[in-house]
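Please work from the sequences and hints to get the whole structure.
Protein chains: 2
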Amino acid sequence: MAESWSFLDTFERNFRPLIVIELAKGTKEETIEWFTKRIEDKKANGGAQLLVKPLVTENGDENIYLVGASHLRLLLGAETVGLVKECHDNSMRTFTYSSRKTFKDFADDNHNFLTMAECQYIIKHELENLRAKDEKIIPGYPQAKLYPGKSIVRRLLTNGILVQIFPLHDREELKKLRHSWYGRVKVGYQPLDEIRCYFGETIALYFGFLEYFTFALIPMAVIGIPYYVFAWEDYDKYVMFATFNLLWSTVILEVWKRICAIMTYRWGTLLMKRQFEEPRPGFHGVLGINPVTGREEPVYSSIKRQIRIYLVSLPFVCLCLYFSLYVMMIYFDLEQWALDYHEENESNFSNLMLFVPSIIYAVVIEIMNRIYRYAAEFLTSWENHRLESSYQNHLILKVLVFNFLNCFASLFYIAFVLFDMKLLRQSLATLLITSQILNQFAESLLPYWLQKRHKKRMKKRVCSLKTDTDLSLVEQVNLEKEMGTYFGTFDDYLELFLQFGYVSLFSCVYPLAAVFAVLNNITEIYSDALKMCRVYKRPFAEPTANIGVWQLAFETMSVISVVTNCILIGMSPQVNALFTDSKTDLILTVALVEHLLLAIKFIMAFVIPDKPRDIQIKLAKLEFESVEALKQQ
Amino acid sequence: MAESWSFLDTFERNFRPLIVIELAKGTKEETIEWFTKRIEDKKANGGAQLLVKPLVTENGDENIYLVGASHLRLLLGAETVGLVKECHDNSMRTFTYSSRKTFKDFADDNHNFLTMAECQYIIKHELENLRAKDEKIIPGYPQAKLYPGKSIVRRLLTNGILVQIFPLHDREELKKLRHSWYGRVKVGYQPLDEIRCYFGETIALYFGFLEYFTFALIPMAVIGIPYYVFAWEDYDKYVMFATFNLLWSTVILEVWKRICAIMTYRWGTLLMKRQFEEPRPGFHGVLGINPVTGREEPVYSSIKRQIRIYLVSLPFVCLCLYFSLYVMMIYFDLEQWALDYHEENESNFSNLMLFVPSIIYAVVIEIMNRIYRYAAEFLTSWENHRLESSYQNHLILKVLVFNFLNCFASLFYIAFVLFDMKLLRQSLATLLITSQILNQFAESLLPYWLQKRHKKRMKKRVCSLKTDTDLSLVEQVNLEKEMGTYFGTFDDYLELFLQFGYVSLFSCVYPLAAVFAVLNNITEIYSDALKMCRVYKRPFAEPTANIGVWQLAFETMSVISVVTNCILIGMSPQVNALFTDSKTDLILTVALVEHLLLAIKFIMAFVIPDKPRDIQIKLAKLEFESVEALKQQ
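So the protein sequences, as listed, match chains P and X.
Numbered continuously in UniProt numbering, the first sequence closes out at residue 633.
Numbered continuously in UniProt numbering, the second sequence closes out at residue 633.
Don't take each hint at face value.
Copies of the same chain look alike in the list, so a pair counts if it works inside one copy or between any two.
[Unchecked claim] Cross-link-like lysine to aspartate or glutamate pairs, in silico, EDC-like; alpha carbons within 20 Å at most:
1. Lys273 <-> Glu623
2. Lys101 <-> Glu475
3. Lys273 <-> Glu625
4. Lys273 <-> Glu628
5. Lys145 <-> Glu335
What the hints contain is simulated information worked out from the structure, not anything from laboratory work.
As the structure is a computational prediction, the values presented were derived from the model and not from experiment.
As structure tokens, then:
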């Protein structure tokens with residue numbers, strides 16, 4: 001590695017470690033040499049032109065490398081990935097090196113023009129786009145085939161030579177962020193811009209959505225409280241509450257799009273051109289020509305994929321849904337049996353027995369959820385999607401449908417088959433509150449505690465060695481590489497989605513749900529923040545302009561909730577009392593109201609523009625400028 | 001006009017008249033001189049660099065001018081408007097003069113590279129973009145104010161100095177088109193590509209949609225015939241027919257999007273970048289700075305417009321709808337009265353009296369439709385929309401809602417208030433057939449006959465003069481300038497939309513509707529073709545990539561038809577016989593089926609991709625290339 005060292009000698013002052021590469025222990029010398037050579041090589045030679053430095057650990061292993069880049073290299077990289085930055089005239093423009101002087105805060109010696117998260121994103125992008133030239137195999141591993149244009153990093157990852165790549169935390173920045181985020185007890189907004197600078201847009205958008213959603217629930221919660229306090233049971237009050245909820249949920253989802261546009265415009269991702277996505281690492285197929293890029297890469301027939309989706313995955317999902325319903329029916333049988341048993345021979349034991357079915361069902365649901373998750377991941381991976389985004393969408397859809405059924409099927413059964421409103425309210429409250437408590441515990445506090453214990457042990461081990469190398473960096477890398485990996489915002493959104501279901505699907509039966517949701521979300525913000533800052537490895541920043549498929553999921557939920565709430569109100573004894581002479585009239589009235597509400601919902605969604613006027617004008621202005629510029633050419 | 005003549009001497013050989021400009025009689029000499037000067041002036045001097053030639057008519061009036069352009073000028077114009085043409089490698093690309101050699105059929109001496117319709121569109125675009133420089137008024141008309149950047153042609157039009165601008169027919173081409181379109185009796189597709197070459201994309205797309213829609217209705221018609229022939233009244237057969245219809249209507253609307261994408265890709269409009277729309281001629285406001293372009297132009301507060309829309313137009317439309325319903329109620333009262341009268345004193349007179357209410361109602365509806373149309377146009381114009389497209393959308397929405405109510409309210413009333421299926425079937429048949437016959441007559445045959453008479457008279461008058469100038473051109477211009485103006489595809493689509501309503505809203509009551517629709521559409525194609533080729537002035541070609549707001553209108557109609565058909569089936573005696581013991585069960589079943597059908601519809605619309613895979617790949621390829629090209633820079 002002498003070569004690498006001499007390289008670093010020259011650049012030592014510039015070298016700021018940004019990303020950690022962990023290779024498998026015992027990786028062959030020639031592989032390492034070739035890989036670092038390719039990373040450091042000039043762009044013109046097909047390299048990434050980045051800086052690499054091995055991390056000298058206590059036991060002399062050379063399997064961890066730090067990657068950085070010169071300031072100039074990062075600026076050129078920013079142009080490649082198409083970062084959008086603010087100009088002096090407050091407009092947002094795609095950054096180019098030649099026009100760098102027009103950008104706000106740009107100075108040749110200001111190394112903070114790009115945030116650390118952006119630098120790490122750029123380096124990740126460059127590494128992933130490091131492609132095989134004429135190598136047929138990875139040197140040292142004849143079984144690891146390469147072909148021109150194949151991403152080297154992805155091949156190394158799939159072959160297990162590369163264990164992981166992750167960005168380093170910035171201890172100073174993190175401390176500041178922690179302080180302003182959850183360090184002091186205060187009422188106020190989250191520092192979303194700082195979160196975005198540190199963790200990137202995807203995560204900042206999640207926290208933005210969480211915060212927005214919490215605020216949006218407050219009116220529902222406030223209106224819901226008197227229903228609980230005064231035990232209101234009037235027909236018209238419930239109808240009013242439900243109607244308000246339904247229209248409100250439409251409004252908040254539409255307004256979120258506008259707020260999202262404002263935020264992502266400020267962050268530049270609204271304007272960022274979508275990069276051409278490369279095939280995901282797991283994608284396989286016969287080597288062919290990509291019809292879009294004309295490059296050689298694996299191709300896989302779309303018809304084969306459709307067949308797998310519709311003839312295997314779809315039936316499997318349906319079967320799972322059926323099985324889940326079947327389990328639910330067994331649960332209700334058990335419940336009935338326990339109730340009968342309790343009535344027959346009343347004792348302490350029989351009293352305890354009453355809880356057994358619920359506990360068994362909860363455990364079974366949890367197990368089913370986990371097994372299904374693995375199955376869904378396996379199936380979606382087997383469907384062999386070319387793009388990560390399409391893989392994600394199919395996975396989300398599968399998991400969403402199953403989770404929806406698992407969570408709400410029993411409630412639907414209680415409401416629309418058993419017609420037991422009291423039991424519905426009770427089950428809803430139990431499910432909502434226990435799921436919230438369990439989630440908060442399992443998601444953040446438990447990993448935090450484990451992490452803390454592990455850290456203490458690590459610290460002891462590292463400190464006992466006392467070498468004179470840059471200890472704190474070695475220590476940091478060793479600590480962070482053992483931390484858990486944050487697998488994206490999927491589970492966080494799923495939690496919010498199910499919560500939205502609890503709040504809106506049966507809102508007219510249990511108005512207090514919104515109160516619990518608000519309380520949960522306030523602590524959720526803190527526990528999620530803790531999780532991001534303390535428990536997990538720093539995730540790579542991912543530029544994004546919206547919450548994607550989740551917007552659709554929330555909107556679908558709000559449509560379903562119109563239907564359920566209308567039926568619930570129609571079933572309530574108060575409303576039934578109004579239509580004593582004709583049940584038919586009642587049902588027709590309910591159906592009419594439901595259709596009207598749905599129509600209003602769709603009209604509202606259509607009328608409210610997705611982007612605020614000033615953002616629209618700014619976007620039109622940019623487009624106009626680019627068309628004019630094209631004309632000038 | 002000596003100057004203009006000398007100009008023409010040089011260019012005579014190149015001059016091919018494309019567009020006719022008719023000025024008001026008695027337009028001042030200095031105005032004409034200034035206007036033609038501006039049209040002919042070099043681009044660099046802010047002119048349009050086109051060729052103008054006055055048409056010498058029999059009475060020596062110089063108020064008609066022919067506009068043309070050199071071949072080079074048209075090619076440069078094609079670049080300005082962003083025409084997309086096919087390249088040698090079969091890909092579609094935006095035409096630029098510098099890359100002209102790469103385009104199929106391009107040769108410096110091939111003047112047919114651009115179709116005549118394209119040339120006319122280019123000239124229209126250039127004329128409309130002829131803008132005032134430092135003129136404060138139109139010379140000779142001090143009351144006609146100008147400001148820098150104001151379109152001169154639009155100001156001339158609003159001030160009545162310019163009577164009309166229209167493109168000339170190409171007699172040769174038109175003859176060929178007529179022959180292949182409707183000249184011979186044949187079964188086959190319309191020559192859509194030739195229609196597009198001659199009339200442009202908007203009109204070709206209308207005829208494409210008409211043809212597609214007719215073919216799509218055939219399965220419905222075929223399945224509908226046995227219901228009529230064998231007088232099937234079984235419950236399950238009706239349910240099957242209605243279900244098929246509902247799913248089919250979803251499928252055809254989704255598939256149309258794909259077919260539309262294929263056609264417009266071939267025509268290049270799918271790829272054409274939207275031009276920045278200029279304010280529509282009627283738009284007025286205080287002179288200000290357009291925030292998008294930074295140009296000086298009238299600005300009008302969007303809030304004021306919103307107030308006008310929601311506080312004036314919306315209540316007015318609602319009032320009109322209410323009034324229309326009120327008139328309908330009077331009609332039913334009259335009907336009842338006539339029936340009573342007939343029953344009391346049965347005679348020939350009373351028999352005739354039975355038809356009186358229908359006739360009065362039909363006449364009143366027609367009158368209301370016309371008055372409302374004027375009111376809607378006035379209101380929409382008063383709303384002061386900046387863009388023609390937004391004006392059109394608001395107008396279409398207003399007219400659509402009212403027409404929908406006028407056409408279908410009585411049917412809804414018969415079906416869901418009177419519960420008279422027999423009357424419904426009868427009314428539906430009468431309405432559908434009479435409206436079809438009336439439409440075909442009023443729309444094409446009557447104008448054609450008027451036109452023919454007028455033409456004969458004109459021919460006589462022109463021929464009697466026998467001057468030795470280019471008689472046929474003068475004759476042609478004089479004939480065409482008197483022809484009616486085709487005001488766009490609005491009324492044609494509206495007719496189809498209402499027809500779709502007749503076919504789908506009550507399809508399970510009157511399966512024969514589809515048969516009549518198919519028959520009507522076959523003749524409609526011919527009568528519309530006749531109308532385009534014979535009755536009206538040639539319209540300007542308008543590039544467009546889809547049928548716009550009509551897609552939404554048809555989709556909405558198909559959603560409404562799910563609801564109506566489900567209710568109708570639920571009301572049928574056959575279904576009622578199945579649920580003798582409980583009417584509640586019946587209604588619940590109907591509601592459930594309806595929700596399921598709606599869910600299937602939305603899922604189908606979501607699952608079927610809007611563009612076929614090969615078009616998607618072609619578009620992605622172009623985008624990839626442009627991103628790569630940008631990177632190379």
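>> I'd like to know which numbered hints this structure contradicts. Please list them from smallest to largest.
In response: Result: hints 2, 5 break, sorted rising.
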